Amino acid sequence: MPPADSTAASELLAVRAAELYYEENKTQDEIGAILRVTRWKVGRLLAQARERGIIRIEIVHPRARRLALERELTARFALNDAVVVPAPVDEVELQARVAEAAADYLVSHRPIPRLLGVSWGRTLHQVAEALPVGWSTGVNVVQINGGVSLSKRPGTAASTAVMIAQKAGGQATLLPTPAILERLETKKAIEGDRTVSGVVQMARGANAYLYSAGVADTSSVHVDSGYLTAADIARLVERGAVGDVIGRYITADGTIADPELDARTLGLSLEELRASRTSILVIGGEAKHPVARAIVAHGLCSVLVTDEHTARALLGHDDAHSDDPTTDSSTASREDAS
Numbered sequence: 008m009p010p011a012d013s014t015a016a017s018e019l020l021a022v023r024a025a026e027l028y029y030e031e032n033k034t035q036d037e038i039g040a041i042l043r044v045t046r047w048k049v050g051r052l053l054a055q056a057r058e059r060g061i062i063r064i065e066i067v068h069p070r071a072r073r074l075a076l077e078r079e080l081t082a083r084f085a086l087n088d089a090v091v092v093p094a095p096v097d098e099v100e101l102q103a104r105v106a107e108a109a110a111d112y113l114v115s116h117r118p119i120p121r122l123l124g125v126s127w128g129r130t131l132h133q134v135a136e137a138l139p140v141g142w143s144t145g146v147n148v149v150q151i152n153g154g155v156s157l158s159k160r161p162g163t164a165a166s167t168a169v170m171i172a173q174k175a176g177g178q179a180t181l182l183p184t185p186a187i188l189e190r191l192e193t194k195k196a197i198e199g200d201r202t203v204s205g206v207v208q209m210a211r212g213a214n215a216y217l218y219s220a221g222v223a224d225t226s227s228v229h230v231d232s233g234y235l236t237a238a239d240i241a242r243l244v245e246r247g248a249v250g251d252v253i254g255r256y257i258t259a260d261g262t263i264a265d266p267e268l269d270a271r272t273l274g275l276s277l278e279e280l281r282a283s284r285t286s287i288l289v290i291g292g293e294a295k296h297p298v299a300r301a302i303v304a305h306g307l308c309s310v311l312v313t314d315e316h317t318a319r320a321l322l323g324h325d326d327a328h329s330d331d332p333t334t335d336s337s338t339a340s341r342e343d344a345s
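Numbering-wise, the sequence shown is residues 8 to 345 according to this note's numbering.
Please keep in mind that the hints were generated in silico from the structure rather than gathered at the bench. Worth double-checking, as some hints may not be accurate.
Unchecked claim - Label pairs and their in silico Cβ distance ranges:
hint : residue 1 : residue 2 : range
1    : 178       : 284       : 20 to 26 Å
2    : 238       : 281       : 26 to 32 Å
3    : 118       : 236       : 38 to 44 Å
In this text, all values refer to a predicted model and were calculated from it rather than measured experimentally. Note that the Cβ used here is the ideal one computed from N, Cα and C, for glycine as well.
Could you put together the complete structure from these sequences and hints?
As structure tokens, then:
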């Protein structure tokens, strides 16, 4: 074991190397000349500074990603992919960042999903708005659950699907039905209609699904759209509901909270979503932590796009609201010009 004074001297040298490299933008050759050590030794000192927490590298661009959290999420929950963005304090900005990240993911996703199944809601509409015109070519979009609003306020289900399709030079196939019907007989009759059943069948053949999730409270789009009342939500919460995914209210263990209500819900089932090869969940914000956990932990998505606080909550990190000192998005540090 090296003597204490030797360890302290080595640490001070690492601090000095880090200061010269990151604050004064010196190259490793220049630092070596100043500290009278080799370029190789400078590299070791910088690595030591990172390992000991002497320096902390953080990328602050709104579209930066937390790569260490992404790797941990994919490993823990057997996901195909994960996208985690820094979480600002402002909730509105957080939702915008998550939506932008989902749009970026769609733009770069390969293979291109020629038929994309989409749900609806505020988050999905933000994703549609964030997508650039020409984000892909020849992508057709199909709705995977009903979304005709029953309230006087216009809904966004149709406009979301149409916007995503038009920006990719494709067409949208809409599911022109309510999300939840009042009577089971009515739902069965509508579901049996040739046009409606054709859209649902098309949705089942989509190459990928894009959707978000809602919370089980009166802020839900299902309340806003006229499908459910505050009393309905209260009953769902009593049954253990933590939120909804593609219109279906689930409990913390990923099962249906109210089978009778679920039987009146029109669109893809949870089993079909769970069996899909590419199912992209876009979700963010503290209020959605419980439903996000239920979805991710019980195989209802294969790709997760979220914020760092939600990611940390899913992973059980105690410091869910602390800054993420992840360094690997820039471990590369800077490469010397020399």
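| request: Could you work out which earlier hints the structure fails to respect and list their numbers in ascending sequence? | output: none
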